[in-house]
Amino acid sequence: MKHYGAKTLLKGAVLSAVAAGSFATAAIADEQFFPLQSYRVGPYAAGGTGFFGGTIDYFNLINTRDGGVNGVKLTWEEGETQYEVERGVEVYERLKGRPNIAAWNPLSVGIAYAMIDRITQDRVPLITVNHGRTDSTDGRVFPYVFPLLLNPYSETSGIINYIASKEGGEEKLKGKKIVVLYHGSPYGKETIPIYELLKEKFGYEVQQIEVPHPGNEQQAQWLAIRRYKPDYVVLRGWGVMNPVAIKTAQKTGFPVDRIIGNVWSNSEEDVIPAGDAAIGYTAITTQASGADYPVLQEIVKTVYDGGKGNLEDKKRIGSVYHNLGIVNGILNVEAVRIAQKRFGNRTLTGDEVRWGFEHLQLDPKRVEELGAKGLFHSINVTWDNHEGDGLVTFQQWDGKKWNVVSDWIAPDWKLLRPIIEKSAEAYAKEKGIKIRTSEDADKVTELQGTASSAKN
Amino acid sequence: MESFDFPFFIEVLVGGLLSGIMYSLVAIGFVLIYKTSGVLNFAQGALLLFAALTFVSLLERGVPFWITFAVTLAIMAVIGILIERTVLRPLVNKPPITLFVATLGLAYVLEGGAQLLWGTQVHGLDLGIDDVPYVVGGVFISTFDLFAAAVAASIVLLLTIVFRYTRIGLAFRAVADDQFAALAIGLKLPVIWAAVWIAAGFVALVAGLLWGARLGVQFSLSLVVLKALPVLVLGGFDSILGAIVGGLLIGASEKLAEVYLGPFFGGGIESWFAYVFALAILLIRPSGLFGQRLVERT
Amino acid sequence: MTTASIPLPRPVSAIGRVPTWLLPLAVIVFAYAGIPLFASDYLYDAILAPFLALSLAAVGLNILTGYAGQVSLGSAAFMAVGAYAAYNFNLRVEGLPLLASIVFAGLIASAVGVVFGLPSLRLKGFYLAVSTLAAQFFVQWTLTKFSWFSNYNPSGVIDAPALGYVFEGPHGRYLFSLSVVVALTVFAARLVKTQTGRNFIAVRDNETAAKISGVPVLHTKLLAFAISSFIIGVAGVLWAFAYLRTVEPHGFNLDRSFQILFIIIIGGLATIRGAFLGAALIVVLPLVLSRAGTFLFGSYFDSGVLDMSQRILVGALIIVFLIAEPDGLAALGNRIARRLRLRSPTN
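Chains as they are written, first to last, in our numbering: chain A, 616 to 1071; chain B, 43 to 340; chain C, 217 to 563.
Any given hint could turn out to be false.
Claimed, not checked - Derived CB-CB ranges, DEER-like:
1) 399/C x 961/A: 48 to 56 Å
2) 378/C x 183/B: 51 to 59 Å
3) 327/B x 512/C: 37 to 45 Å
4) 381/C x 1057/A: 31 to 39 Å
5) 229/B x 414/C: 35 to 43 Å
6) 208/B x 471/C: 39 to 47 Å
7) 229/B x 922/A: 53 to 61 Å
8) 381/C x 920/A: 53 to 61 Å
9) 846/A x 501/C: 49 to 57 Å
10) 786/A x 183/B: 39 to 47 Å
11) 1019/A x 172/B: 26 to 34 Å
12) 507/C x 1032/A: 42 to 50 Å
13) 679/A x 195/B: 54 to 62 Å
As the list claims (entries may be wrong) - Dumping the calculated DSSO-like pairs for lysine-lysine here, alpha-carbon to alpha-carbon at most 30 Å:
14) 1044/A x 361/C
15) 361/C x 791/A
16) 409/C x 136/B
17) 361/C x 792/A
18) 1037/A x 361/C
19) 844/A x 816/A
20) 781/A x 1016/A
21) 929/A x 916/A
Because the hints were derived from the structure by calculation, they are not lab data. Heads up, the beta-carbon is just placed ideally off N, CA and C, and yes, glycines get one too.
With the sequences and hints as input, model every part of the structure.
This is how it looks when you write it as structure tokens:
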């Protein structure tokens, strides 16, 4: 029962969350509440603890170091979802009545989907950093949903652009053979048409092979790969499928440095179980890993040394999911800060925070001011582009840690935008949604978001 | 499709057979319990997770390999005895479905307990076997899988020896044949049950280590039972030989199907193919290939 | 499965002379008129919605497993078939009323149920149970594999249509679910009292004897699969349309099937009200435990530790319950009722 000692570290964080819960009804001014649908149990617990740990660590940093965002304290409460949709819905229903909600951050496509209609009615933003519904990039149709930094289509384009740069130019892609090994789930299948689309453009050959969930057996797939003799294998994996893929690749003699992982195949948890077989494996990411960035140093100094760190295992500070959580924290906090510039340094409504996200423009200079230079590149969200043109980079596993091996690479947004718009417009038609204009986006409800949910 | 690539066919077949052995290892744990107490023990996957997680956590704390193995085995034995005492004994003579649901509850307890004790981190497990392929006449064979097959063979051998030549083994067979008769001649059922749960714990540990080395030691380890179930249906719930043969058949047919039939369905058919295949065989032999004929009492 | 030891719901109610239909009627009246007086959005959307959907699924499974004695581990697959079929009828057949879509969806689920019920003609016990897993995995694979089912939505997750008419908002959705559940439960309760219901029980208790006494065994088994799958399919529609309001194949996984099996075992096999009692326990207990845990220990442990402890506790409670009351909550209720009756002065 080694937890007991370590858990006291958490006491502060949890206490403040509980306090927020119990006293928030008294409507203390100048607080901004973040309901967190976290998952610290079940098959994806490792990702959940890292991500939510990172976001909470950053919130704690802002509260401790700056006394909140311009004096507005950040509060939060966690609800365990185990990554299951119905538990996520239950947590949503439980916490949606809280005052001062800034934004939701579920880190689960399934839960996010179930919430789109609900949060749209509540007028509270829903953040799906690095994942989520691709066509929610189109802010004209999805005013409250933000797949920040990278949607699945951009990820695909980023990977292909990286392969091109490795081969020495786009024209070199012609005739190359690529296999996409994808998880047998809606998530896994989502990018199939995009690889086909890019094939038309670049003239490579592609074979897309499914691995049935959970992916603990891949002998057949890798033998098929061996026969096809591709130049690259793109791994669009999830959970246990990733280490098994890397191990089976070794077993069937496919070189690991020719495997490129997608954004859910890029963490320590995906490579450590594969052991030495993973040395040389490369994966896409929107945020570098490691703890050398000023913002992480401050988190270690202010939060962890103050006994408030959220990660139980300090070795995980600076890991991929932890850093994603920190970047997610930065994006949430900066959206609040930007919105405060227009609406004043006070508690904002969900809709006001939405406006903040729609003006979340952090150039590399601002990112450096935040102590995150090199951690992530920049973001440029507008009212109709809710992804915000995130750049990607590639990291290689050396057996101990990830090392960045590429520049920041831009996906081909221009090529993808029409497809996204088409899909979003179809959704708008199906649901009878009026397509927003920039004037609509500038109108902001000053009512607390939850007030409108009564007629839901 | 180009002309038939025979070495490739052999490669898929051998790979499938070796994967099948890994399924058999999990299945054997089920068989042991089912044979003596008529329980389909769904907690076998959780036992496997528990064993592997305990093992790897001790190993990471610097305990030497064999001591870790012994300690984990001892812990599994204690758990086995506890299960017999607290779950099985009070539920004796209850309908099989009640027992089955009880093992589902048990799986919750074990999964929760393992993760509460050791955390939810994902661990790598290196058994010191380099998995570089072995090339025989252009056919790739995995060293690790060969090792796993050897381990499975030794376990079967060990179990056979124990059942054939020891008193407890004899008692075990008596119970498996006829519980009431065994009881009538004065065999102590609880002792035998406890012994069987310990044996199942041992099999879980070995299977957990081999699967853990393949997948990493993490929650998903408990999902390997889904690979073992069709093996059980095919081989019969109460036959160790059936578990081995069933595993080989399922492994080989599943891989061949994925490679040769998969493309016609768009791939990924492995998730259900094994079940459908087992079902097809069952329609011809309703108690599996080696299972005892079921008495008309379900 | 020997379920013969379980007493069938005898027409006994808590107070001796009151007719048996009165208690269910009182519950229905309370559900329509009483609950809305105090229910919050949270109660409607987070507790009653899943409770009603799972209760209905359990009523369906109970017909198959409790009454007809065929164990199925594929309930979630039939829920998925129902949900996807209703979505597609609603989407593709212009002007079809939602209720008709739901009925057709039930029929499709029923047909699929019969197909996967065919092995029951040859297999028994766990062999049958495990072979129903084929349905579980095959259905999930099909729904993920062929994008047509999700209307080529790139993410494969689809939005359920609004229920329309007066069934908007938490209260409206509740009324909708409640009405569907009441209608099908009344149907199930009537069914098990008819000749068909008696045939189910005969097949369950002793197949050979049933055959000798002229029960068409094969036909009866398939009928059980058909009716059960119809009800479970409709439960899947409620789950997707009235509760989650999205449809995705992952939500109908093996854990869901086990959950429904838990419900009928804990509630009581071969009882209608057992399905509701069991569902109440399985839906509400984890929530209560998690809220109580957060309230009592939230300041000492993080949510992960609490949730793991809760998992252990739920598992342990299931085992304890099976030991203490193997015939389920319904039997427990009966016993309490009987004891009350003995004590009451009117007797």
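Each hint tested on the structure:
1. Between residue 399/C and residue 961/A the Cβ separation comes to about 52 Å, which falls inside the hinted range of 48 to 56 Å.
2. In this structure the hint that residue 378/C and residue 183/B lie 51 to 59 Å apart at CB holds, the actual value being about 57 Å.
3. A C-beta distance of roughly 55 Å is found between residue 327/B and residue 512/C, which places it outside the suggested range of 37 to 45 Å.
4. The supplied range of 31 to 39 Å is met by residue 381/C and residue 1057/A, whose beta-carbon atoms lie about 36 Å from each other.
5. For the pair residue 229/B and residue 414/C, the beta carbons lie near 42 Å from each other, so the given range of 35 to 43 Å is met.
6. The given range of 39 to 47 Å is respected by residue 208/B and residue 471/C, whose C-beta atoms sit roughly 40 Å from each other.
7. Restraint check, residue 229/B to residue 922/A: a C-beta distance of roughly 59 Å satisfies the suggested window 53 to 61 Å.
8. Here the CB-CB span from residue 381/C to residue 920/A is close to 60 Å, well matched to the stated 53 to 61 Å.
9. Distance hint check for residue 846/A and residue 501/C: the Cβ-Cβ separation is about 54 Å, which falls inside the suggested range of 49 to 57 Å.
10. Remark: the range hint 39 to 47 Å for residue 786/A to residue 183/B is upheld by a beta-carbon distance near 40 Å.
11. The hint said 26 to 34 Å for the Cβ distance between residue 1019/A and residue 172/B, and at roughly 29 Å that hint holds.
12. At roughly 45 Å, the beta carbons of residue 507/C and residue 1032/A sit within the given window of 42 to 50 Å.
13. For residue 679/A and residue 195/B, the hinted distance range of 54 to 62 Å is satisfied, since their beta carbons lie about 60 Å from each other.
14. For a cut-off of 30 Å, the pair hint linking residue 1044/A to residue 361/C stands: about 25 Å separates their Cα positions.
15. For the given pair, residue 361/C sits about 27 Å from residue 791/A by alpha-carbon distance, which is consistent with the 30 Å threshold.
16. With a C-alpha separation of about 27 Å, the suggested pair residue 409/C and residue 136/B falls inside the 30 Å cut-off, and the hint holds.
17. Restraint check for residue 361/C and residue 792/A: the C-alpha separation of about 24 Å stays at or below 30 Å, so the hint holds.
18. Between the alpha carbons of residue 1037/A and residue 361/C the distance comes to roughly 23 Å, so the proposed pair stays at or under 30 Å and holds.
19. Pair hint residue 844/A plus residue 816/A holds up; C-alpha atoms about 22 Å apart against a cutoff of 30 Å.
20. Distance restraint check for residue 781/A and residue 1016/A: the Cα-Cα separation of roughly 21 Å lies within the 30 Å cut-off, and the hinted pair is therefore satisfied.
21. The suggested pairing of residue 929/A with residue 916/A holds, with an alpha-carbon distance near 12 Å, which does not exceed 30 Å.
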